[in-house]
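Enquirer: Sequence:
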Amino acid sequence: MRVLLRPVLVPELGLVIVKPGRESMPVFHNTRVLVEPEPKSMRNLPSGVVPAVRQPLAEDKSLLPFFSDERVIRAAG
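Quick note, our numbering runs 4 ahead of the 1-based positions in the sequence shown.
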(Lines of atoms letter the chains of each structure in order from A and count residues from 1; the text may use other names and numbers.)
(Lines give C-alpha, C1' and ligand atoms only; values in the text may rest on other atoms or scores of the structure.)
Protein backbone atom coordinates (compact mmCIF):
# COMPACT_ATOMS: atom_id res chain seq x y z
CA MET A 1 0.00 0.00 0.00
CA ARG A 2 1.19 3.50 -0.83
CA VAL A 3 -0.21 6.71 0.65
CA LEU A 4 0.09 10.34 -0.33
CA LEU A 5 0.06 12.65 2.72
CA ARG A 6 0.68 16.32 3.47
CA PRO A 7 3.47 16.79 6.02
CA VAL A 8 3.35 19.33 8.83
CA LEU A 9 6.85 20.59 9.62
CA VAL A 10 7.79 21.44 13.21
CA PRO A 11 11.30 22.85 12.68
CA GLU A 12 11.74 23.93 16.30
CA LEU A 13 11.59 20.27 17.34
CA GLY A 14 13.07 18.75 14.17
CA LEU A 15 9.84 16.84 13.56
CA VAL A 16 7.59 16.10 10.62
CA ILE A 17 4.02 15.10 11.43
CA VAL A 18 1.56 13.37 9.12
CA LYS A 19 -2.09 12.64 9.80
CA PRO A 20 -3.11 9.52 7.89
CA GLY A 21 -6.73 8.53 7.63
CA ARG A 22 -7.96 5.24 9.03
CA GLU A 23 -7.50 3.50 5.66
CA SER A 24 -3.83 4.58 5.56
CA MET A 25 -2.85 3.36 9.03
CA PRO A 26 -1.69 -0.16 7.97
CA VAL A 27 1.34 1.45 6.27
CA PHE A 28 2.60 2.56 9.68
CA HIS A 29 2.35 -0.92 11.23
CA ASN A 30 5.64 -1.78 9.48
CA THR A 31 8.97 -1.18 11.19
CA ARG A 32 9.94 1.41 8.58
CA VAL A 33 8.30 3.39 5.79
CA LEU A 34 9.76 4.89 2.63
CA VAL A 35 9.38 8.66 2.25
CA GLU A 36 10.03 10.28 -1.12
CA PRO A 37 8.98 13.47 -2.92
CA GLU A 38 5.60 13.51 -4.63
CA PRO A 39 5.93 12.73 -8.36
CA LYS A 40 4.52 15.31 -10.78
CA SER A 41 2.02 12.70 -11.98
CA MET A 42 0.42 12.62 -8.51
CA ARG A 43 0.11 16.36 -7.88
CA ASN A 44 -3.63 16.38 -8.54
CA LEU A 45 -4.42 13.31 -6.43
CA PRO A 46 -6.10 13.81 -3.06
CA SER A 47 -4.29 12.80 0.12
CA GLY A 48 -4.79 9.21 1.19
CA VAL A 49 -4.22 5.74 -0.24
CA VAL A 50 -2.76 5.71 -3.76
CA PRO A 51 -4.48 3.14 -6.01
CA ALA A 52 -2.15 0.17 -6.58
CA VAL A 53 -3.14 -0.15 -10.25
CA ARG A 54 -1.64 3.18 -11.34
CA GLN A 55 0.67 2.91 -14.33
CA PRO A 56 2.51 6.24 -14.57
CA LEU A 57 4.15 5.39 -17.91
CA ALA A 58 0.77 4.63 -19.48
CA GLU A 59 -0.61 7.94 -18.17
CA ASP A 60 2.35 10.04 -19.37
CA LYS A 61 1.04 11.81 -22.48
CA SER A 62 4.57 12.77 -23.57
CA LEU A 63 5.29 9.07 -24.22
CA LEU A 64 2.27 8.60 -26.51
CA PRO A 65 4.22 9.24 -29.75
CA PHE A 66 6.80 6.66 -28.71
CA PHE A 67 4.25 3.96 -27.83
CA SER A 68 2.26 4.73 -31.00
CA ASP A 69 5.28 4.36 -33.28
CA GLU A 70 4.86 1.43 -35.68
CA ARG A 71 8.42 0.21 -35.02
CA VAL A 72 7.82 0.08 -31.26
CA ILE A 73 4.54 -1.78 -31.71
CA ARG A 74 6.20 -4.27 -34.06
CA ALA A 75 9.13 -4.82 -31.67
CA ALA A 76 6.83 -5.28 -28.66
CA GLY A 77 4.61 -7.73 -30.50
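Just so you know, these hints were derived from the structure itself, not from any lab. Take the hints with a grain of salt, since some may be wrong.
Across the chosen pairs, the derived CB separations fall in these ranges [as the list claims (entries may be wrong)]:
hint: 1; residue 1: I21; residue 2: D73; range: 42 to 52 Å
hint: 2; residue 1: L19; residue 2: G81; range: 49 to 59 Å
hint: 3; residue 1: P24; residue 2: S72; range: 38 to 48 Å
hint: 4; residue 1: H33; residue 2: L8; range: 11 to 21 Å
hint: 5; residue 1: V14; residue 2: I77; range: 48 to 58 Å
hint: 6; residue 1: E42; residue 2: L67; range: 29 to 39 Å
hint: 7; residue 1: R78; residue 2: V39; range: 36 to 46 Å
hint: 8; residue 1: R47; residue 2: G25; range: 14 to 24 Å
hint: 9; residue 1: F71; residue 2: P15; range: 37 to 47 Å
hint: 10; residue 1: L19; residue 2: A56; range: 25 to 35 Å
hint: 11; residue 1: V37; residue 2: F71; range: 14 to 24 Å
hint: 12; residue 1: N48; residue 2: P69; range: 16 to 26 Å
With a straight-line cut-off of 25 Å between C-alpha atoms, the simulated SDA-like cross-links for lysine to any residue are [said to hold, decoys possible]:
hint: 13; residue 1: K65; residue 2: V54
hint: 14; residue 1: K65; residue 2: V37
hint: 15; residue 1: K65; residue 2: P55
hint: 16; residue 1: K65; residue 2: A79
hint: 17; residue 1: K44; residue 2: E74
hint: 18; residue 1: K65; residue 2: M46
hint: 19; residue 1: K23; residue 2: N34
hint: 20; residue 1: K23; residue 2: P55
hint: 21; residue 1: K23; residue 2: R47
hint: 22; residue 1: K44; residue 2: G81
hint: 23; residue 1: K23; residue 2: V7
hint: 24; residue 1: K23; residue 2: G52
hint: 25; residue 1: K23; residue 2: N48
hint: 26; residue 1: K44; residue 2: A79
hint: 27; residue 1: K44; residue 2: L13
hint: 28; residue 1: K44; residue 2: L17
hint: 29; residue 1: K44; residue 2: P60
hint: 30; residue 1: K44; residue 2: F70
hint: 31; residue 1: K44; residue 2: Q59
hint: 32; residue 1: K65; residue 2: P41
hint: 33; residue 1: K44; residue 2: K65
hint: 34; residue 1: K44; residue 2: L68
hint: 35; residue 1: K23; residue 2: P43
hint: 36; residue 1: K65; residue 2: P24
hint: 37; residue 1: K44; residue 2: V31
hint: 38; residue 1: K44; residue 2: P24
hint: 39; residue 1: K23; residue 2: K65
hint: 40; residue 1: K23; residue 2: L68
Even glycine gets a Cβ: it sits at the ideal position worked out from N, Cα and C.
Enquirer: Look at each hint and say if it fits the structure.
Expert: Evaluation of the provided hints:
1. I21 x D73: 42 to 52 Å: holds (47 Å)
2. L19 x G81: 49 to 59 Å: holds (52 Å)
3. P24 x S72: 38 to 48 Å: holds (39 Å)
4. H33 x L8: 11 to 21 Å: holds (18 Å)
5. V14 x I77: 48 to 58 Å: holds (52 Å)
6. E42 x L67: 29 to 39 Å: 20 Å Cβ-Cβ, so the 29 to 39 Å window is violated.
7. R78 x V39: 36 to 46 Å: Given about 41 Å between the Cβ atoms, the range holds.
8. R47 x G25: 14 to 24 Å: holds (19 Å)
9. F71 x P15: 37 to 47 Å: This hint holds: roughly 44 Å between Cβ atoms.
10. L19 x A56: 25 to 35 Å: Once the Cβ atoms are compared, 29 Å apart, the range 25 to 35 Å for A56 and L19 holds.
11. V37 x F71: 14 to 24 Å: With Cβ atoms ~33 Å apart, the hint is violated.
12. N48 x P69: 16 to 26 Å: holds (23 Å)
13. K65 x V54: Given that 25 Å is the threshold and the Cα spacing comes to 20 Å, the pair holds.
14. K65 x V37: violated (30 Å)
15. K65 x P55: With Cα atoms ~19 Å apart, K65 and P55 stay inside 25 Å; holds.
16. K65 x A79: holds (21 Å)
17. K44 x E74: violated (29 Å)
18. K65 x M46: holds (14 Å)
19. K23 x N34: holds (16 Å)
20. K23 x P55: Satisfied, since the Cα-Cα distance of roughly 19 Å is no more than 25 Å.
21. K23 x R47: holds (18 Å)
22. K44 x G81: violated (30 Å)
23. K23 x V7: holds (11 Å)
24. K23 x G52: holds (10 Å)
25. K23 x N48: holds (19 Å)
26. K44 x A79: It is violated: about 29 Å lies between the C-alpha atoms, which goes past 25 Å.
27. K44 x L13: holds (21 Å)
28. K44 x L17: violated (29 Å)
29. K44 x P60: Given pair K44, P60 holds - Cα atoms ~10 Å apart, limit 25 Å.
30. K44 x F70: Distance of about 20 Å is within 25 Å: holds.
31. K44 x Q59: holds (13 Å)
32. K65 x P41: holds (21 Å)
33. K44 x K65: Holds, at roughly 13 Å.
34. K44 x L68: holds (17 Å)
35. K23 x P43: holds (20 Å)
36. K65 x P24: violated (31 Å)
37. K44 x V31: Holds, because 22 Å separates the two Cα atoms, which is no more than 25 Å.
38. K44 x P24: The given pair, whose Cα atoms are some 21 Å apart, holds under the 25 Å limit.
39. K23 x K65: The given pair, whose Cα atoms are some 32 Å apart, is violated under the 25 Å limit.
40. K23 x L68: Between K23 and L68 the Cα gap is close to 37 Å, so the pair fails against 25 Å, i.e. violated.
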